[in-house]
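Novice: So you can see what is in the structure, the chains are spelled out below.
Number of protein chains: 2
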Amino acid sequence: MMLQRRFGMAFLVFSLSNFGLTLFAALITALVSPAAAGSGIPEVKAYLNGVDAPGIFTLRTLFVKTIGSVCAVSSSLLVGKTGPLVHTGACIASLLGQGGSKRYGLTWKWLRYFKNDRDRLDLVTCGSAAGIAAAFCAPVGGLLFALEEMASWWRSALVWRAFFTTAVVAIVLRALIDVCLSGKCGLFGKGGLIMYDVTSSNVAYHIVDVPPVLLLGMIGGLLGSLYNFFLEKVLRIYNLINEKGIAYKIVLACWISIFTSCLLFGLPWLASCRKFQCPPGHYNDLASLIFNTNDDAIKNLFSKGTDDEFQYSSIIIFFVTCYFLSILSYGIVAPAGLFVPVIVTGASYGRLVGMLIGSHSNLNHGLFAVLGAASFLGGSMRMTVSLCVILLELTNNLLLLPLMMVLLISKTLADAFKGNIYDLIMKAKGFPYLETHAEPYMRQLTVGDVVSGPLQLFHGIEKVANVVHVSRTTRHNGFPVIDEPPHSESPFLYGLILRAHLMELLKKKAFLSDPVPTDIDAFEQISAEDFMKRGSGMIEDIDLTEEEMEMFLDLHPFTNASPYTVVETMSLAKALILFREVGLRHLLRSPVVGILTRHDFMPEHVLALHPTLIRSRWKRLRLQFARLLKLF
Amino acid sequence: MMLQRRFGMAFLVFSLSNFGLTLFAALITALVSPAAAGSGIPEVKAYLNGVDAPGIFTLRTLFVKTIGSVCAVSSSLLVGKTGPLVHTGACIASLLGQGGSKRYGLTWKWLRYFKNDRDRLDLVTCGSAAGIAAAFCAPVGGLLFALEEMASWWRSALVWRAFFTTAVVAIVLRALIDVCLSGKCGLFGKGGLIMYDVTSSNVAYHIVDVPPVLLLGMIGGLLGSLYNFFLEKVLRIYNLINEKGIAYKIVLACWISIFTSCLLFGLPWLASCRKFQCPPGHYNDLASLIFNTNDDAIKNLFSKGTDDEFQYSSIIIFFVTCYFLSILSYGIVAPAGLFVPVIVTGASYGRLVGMLIGSHSNLNHGLFAVLGAASFLGGSMRMTVSLCVILLELTNNLLLLPLMMVLLISKTLADAFKGNIYDLIMKAKGFPYLETHAEPYMRQLTVGDVVSGPLQLFHGIEKVANVVHVSRTTRHNGFPVIDEPPHSESPFLYGLILRAHLMELLKKKAFLSDPVPTDIDAFEQISAEDFMKRGSGMIEDIDLTEEEMEMFLDLHPFTNASPYTVVETMSLAKALILFREVGLRHLLRSPVVGILTRHDFMPEHVLALHPTLIRSRWKRLRLQFARLLKLF
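Listed in order, the protein sequences are those of chains A and B.
Heads up, the first sequence is in the numbering used here, so the first residue is 15 and it goes up one at a time.
Heads up, the second sequence is in the numbering used here, so the first residue is 15 and it goes up one at a time.
The hints are simulated quantities; they were obtained by calculation from the structure and are not laboratory data.
Being a predicted model, the structure only gives us computed values, none of them experimental.
Incorrect hints may appear among the rest.
One copy or two, it doesn't matter: identical chains are merged, so the pair holds either way.
Straight-line alpha carbon distances no greater than 20 angstroms define the calculated SDA-like cross-link-like pairs of lysine to any residue that follow [said to hold, decoys possible]: (1) K588 with W167; (2) K477 with L190; (3) K441 with R612; (4) K313 with F431.
Sequences and hints are given; from them, build the entire structure.
Specialist: Take a look at the structure:
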């Protein structure tokens, strides 16, 4: 139609097909599985840290994420597919880890061996590594991504398992690419991998190339931090809109789609025709970037031997468009990644810098684009090693030195501002992510300083009515159990009981009529297998008579009598290390009985209790040292 | 001389120069720093696990390791340089971490920022990664080696630091190679890197190549286990000899040198001349392998387009020689690595398999040699991912699929026998290495079950004579401190005090004349900095008068009042997780006071106390599952 100069019709077809695809993606996301919106990497990262966001690993989410991501990427929105691929991989892994999907009857019996917390975490880690490996055909990069960015706990055995996963992904992917290159997969064409156009494997770089590389790193750090800042603001505005209802969400997505279509269709008209390839069909350099898949745009930008192909104006327009359009596109209610938009944006300004420096450098513009992408990724995502290895694998092992320099500088510079993009999104979503290191002011506090709210505890032999009341009025998942006279000589912390186990006891009605310990009865009614079920009981589902409410429960046989315990004078930083390294959910405090959970260690909570610490000298000291150490 | 047919003279020169170099290496190792003998990887691995073997990181060791390794490798002994390089890297890192060497006056003031346990561990980890990177010019392989094999604790920040280290190593190394390739480094020639001779980057492999690859994996697993078995036996015999004195050690090294010289000089006479390159100068294929550096031998074996170059007999002789000579050479008193001998041996039988299969496979013999090396490495060292990546980096990214298969099979098969080679050496040296996972029978035991020997504890206010007596009669590094009536209402575990702190107190003579707590005096005499010194006091160096012995020490202000504590009914497996993950040295037990150290968790200790567990059903169950899980 463009060739026939039927521009109006062409725009209509272009924008309507974009609109339809976006609408479909937004509809299934909003109606079927809202958890599938966005990148998915923050959710998976939080899950691996021990935060279980609702519905992120269901079969529905998997379905919506896959279909929705295909639609969103096809609809010309500037969104990526890497994040959704990571989420998809993690989803499949988690479904395998819970023995399939019970709800849809897809279960395998042999999968029950993996049905425990540790194996499920391992599987999800491997799944996320597989996602990156699939997006970039980078097996080692995927492994390192999982290790550097995703995993909160790591075992030596996991290295091999994750690498096995990513290697299988890479092998299958390469086989499929080979099939497609031989022309046997019809419309799918050559697939959407970003591969650098390499003919000679030796890239020579000299001392004169150092200043431009340093410059790129600095620009990347600044632009990346700014990107994160804008993205956070836009997400906050979008959240206000999205909270109003499903209709608002979908309208927002539609508007973004229409805006994108107009922009993409309109912008190429601004660029003048280049001397080559232009007549008869209004083909120009900006259109070659804009009217392409993102992957092909990256390929164009990364390719060498095309130093004369782009004009300054086109590259600048393209860069500005990508920068802001990707920020606007991310928050809509559809699966949307950030990796590819960031690479496109970074590559475009890298190319621009290369064009400005021109013949003063030995590097060609394609290499500048690669370095620009690295610097922008380093500035916004801060995952230096995995990015370096992914880019090395993408570009067939060129450029180790300049890539390292660019990433080091952009990361260091950007770290002076705020956290990385995924941490910002996690914070925006309110996930209580637990960092490895303790904040310096935590050394000034003891475990006794951070307890808030009235403590709920049970006695070894407790009245049923009391258990029901506490279960109804609190959302705690673990309760300390104490023994007091006359059942023991002095008050004594017996252990910790879980809410799920209490629910099971209430369900089985293993009650005593008198508050006297008789543990024989209890074990006859209840077996160990009853406690293996997960999330089996809600307090609201349990019906008890008046009479039963007046009876008693002997909690002793069902209490964990050797929970991890700390004294209340222990430094908070020390307790945090225990909590984090062992991967606990509840930490008991003695001799004044208390319970510590993840929330008690969150900086926001601690600082809210002790506002004077915010500006303490520890904080300032830390800032200075952190700068220094980050150089290494 | 060989060309002039003066064979006797040639042998004399060959064997005497070998003898001299070996003698020198053995002498400096035995006299200056015995800790520099052997590979060094087991020592560094044990250090990173928390076992501090004496003298492994001194400036002397660094010196002896570097010089000795150069001499040993040059002296035609079949020993490697990778292990020594890893040890060297770790040594330099540790010296930086302790602020230089005090003994030789080489200290830097700014290094004191790294003078703490965590930074030192991090530095040593990075140093060991640098060693592997330097040996193979494999930055990612070095990183993964440190991660998979060396590190016992791992933080996300360490990924970047280790990669930065290895990348710098790789860049410097490449620059030096470039300089040497241009002929500017005289006798050093082309350097000893193993680089695969690649011209086309596409290696095609088909389904018919699967059986030979499987075969190689199986042979590698079996030969590798057998290699470990022989090596352990030989090391045991050598230990018996070496224990008798330095003279015995040196004589043993000299004998091995003479034996090696005879073998290497004599063997090429067995091989008949090949049709090419032979007359006039008795050059033959076996000599091309034997009279070369190991690195060049590997290069020859790995190279393609040389399918007709080697005879069956030569390869078989070479393989057998390498296999047994490397076992005999390792245990002598000189720096000696295992990596390169294992690669040479593996490559030779890989090539042999390739020759036997011949034209039935698409792979050339060079690739078979690479796969053979991988299988033998997998069978003896079991570090699958790092080996895979190192070999991928060595061979420029060919062969991902067959390498993975070979490593998977050889590792799985070999794991059915005994531990990996470094674990065997660590066990032979008696290092108490703490594994990540708890043995299954530990779930049947509680913390109370493993305490051995009489407990030494102190009271909050303790008699000086008592402190001196206990310090003299035990080697413990931590003691529980309890308060008893009349100082407290009931017996009460106050905390943990370290031997080093007790020594400092005795030195400062911060004594009380009466057993009454007055904490003001104590803090005036002693400041926090006094406790920062390390290993400052030996009990034998402290002189106390009779009068002082009758005085008292108030330990309260110097006791760690919030040590990690577990109840004695806690499962041993659970306590081990706490001990291992948090990286403790002492774990307190309550309410019956006790102390748990690394030795209490060692399987040997636990099984010695509870011999019935050795054949318990848990053990059998574990064996079955372990097999199954290792497939992943």
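Novice: Work down the list of hints and note, for each, if the structure agrees.
Specialist: Hint check:
For the identical chains of this complex, K588 and W167 are neighbours both inside a copy (18 angstroms) and across copies (17 angstroms), given an alpha-carbon limit of 20 angstroms. Within a single copy, K477 and L190 get their C-alpha atoms no closer than 64 angstroms, and across copies no closer than 78 angstroms, so neither meets the 20 angstroms cut-off. In this assembly of identical chains, the alpha carbons of K441 and R612 lie at most 20 angstroms apart only when taken from the same copy (15 angstroms versus 40 angstroms across copies). Neither within a single protomer nor between protomers do K313 and F431 lie at most 20 angstroms apart by alpha-carbon distance, with minima of 31 angstroms and 50 angstroms respectively.
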